[in-house]
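Number 183 in the working numbering belongs to position 183 of the sequence shown; there are no gaps in the numbering.
Bear in mind the hints are in silico, worked out from the structure with no lab data behind them. Treat the hints with care, since some could be wrong.
[Unchecked claim] When the alpha-carbon atoms are kept at most 35 Å apart in a straight line, the in silico DSBU-like pairs for lysine-lysine are as follows:
hint	residue 1	residue 2
1	Lys158	Lys127
2	Lys123	Lys52
3	Lys238	Lys127
4	Lys89	Lys74
5	Lys233	Lys127
6	Lys228	Lys238
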Amino acid sequence: MRSYIIRRILQMIPLLIGISIVNFTIMHLAPGDPVDLLVERNATAEERARIKELYGLNDPLPVQYFRWLGHVLKGDFGKSFVDGQSVSKTILERLPYTLYLNFLIMVVIYLIAVPVGIISALKQYSKFDHIMTTLAFLGQAIPSFWIGLILIYFFGLKLDWLPISGVGTIGLSVKTAGFWATFADRAAHVVMPVAVVAFGSLTGVARYMRSSMLEVIRQDYVRTARAKGLPEKVVIVKHALRNALLPIVTLLGSELPLLFGGMVVIESIFSWPGIGLLSIRAILQRDYQIVMAINMMGAVLMVLGNFLADLLYVVVDPRIKYS
């Protein structure tokens, strides 16, 4: 096991270096000049040249890359071209909002999808199964941004039941309104973003769980457990569920980057001040330092997520051994 972990870590290094090269190259070959963000509209050619020299933008691309990589390895992603703030500080300010939102989304998805998928498999071709199949197709077919706009229109504008943007009412805090009023306000702001994302993902995970459970309950060891006279609940929970969860573990590991990257579209629609909204604004403003930092952190989490999924396999199924 130890040798496997070391080997996987060593494999991550060239992969991340390759991703960083692609990330850096694409950003610097993209249309637009970051100097436009650093100078006045009527700046002279001499002023523009001085800014380029100051930021090292005149250096060859490989030189710029290795200088950037050296700073990244020290945890320094540079400064924003737009406001001059530290990129690391800007990301850390937005990160708690994204973690909070995406953690709630993942909890809702898995708490509902796993039981629903199990019931759907055990009651195959029943009315419940047909309803879940229909909802799964709708959840995958309907764009999440469209669902978000519909919810905003009906529940936010027409009925005025839920707030349509932000993380809370401006000026409302525990000091001004008390704990429970503040808690209710924060909960109301998170309902629609969580509902929009959870609907599309929940149905897909439920179908995934259904397929996995159907495959497992047809295995010989499950038939043997039933033949021994074990209660159906024991057969499902103790013998079938653990193996049926293996594909779900893979999904959970692959969704780790979402905890950081957020959902660009959803955060934009609901003006949620997380990493997703920061990313889209940085792209529109050609703030390459922030875009590259977010891309690299997302890549690291993707690699770690896949690695974590492989390790969780051993926890869920002790039959799997890495050597």
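Going through the hints against the structure:
1. For the hint linking Lys158 to Lys127, the alpha-carbon distance of about 33 Å falls within 35 Å, and the restraint holds.
2. Between Lys123 and Lys52 the CA atoms are separated by roughly 66 Å; this puts the pair beyond 35 Å, and the hint is violated.
3. For a cut-off of 35 Å, the pair hint linking Lys238 to Lys127 stands: about 27 Å separates their Cα positions.
4. With a C-alpha separation of about 14 Å, the suggested pairing of Lys89 with Lys74 holds against the 35 Å cut-off.
5. Taking the CA atoms of Lys233 and Lys127, the gap is near 22 Å; set against the 35 Å cutoff, the hint holds.
6. The suggested pairing of Lys228 with Lys238 holds, with an alpha-carbon distance near 14 Å, which does not exceed 35 Å.
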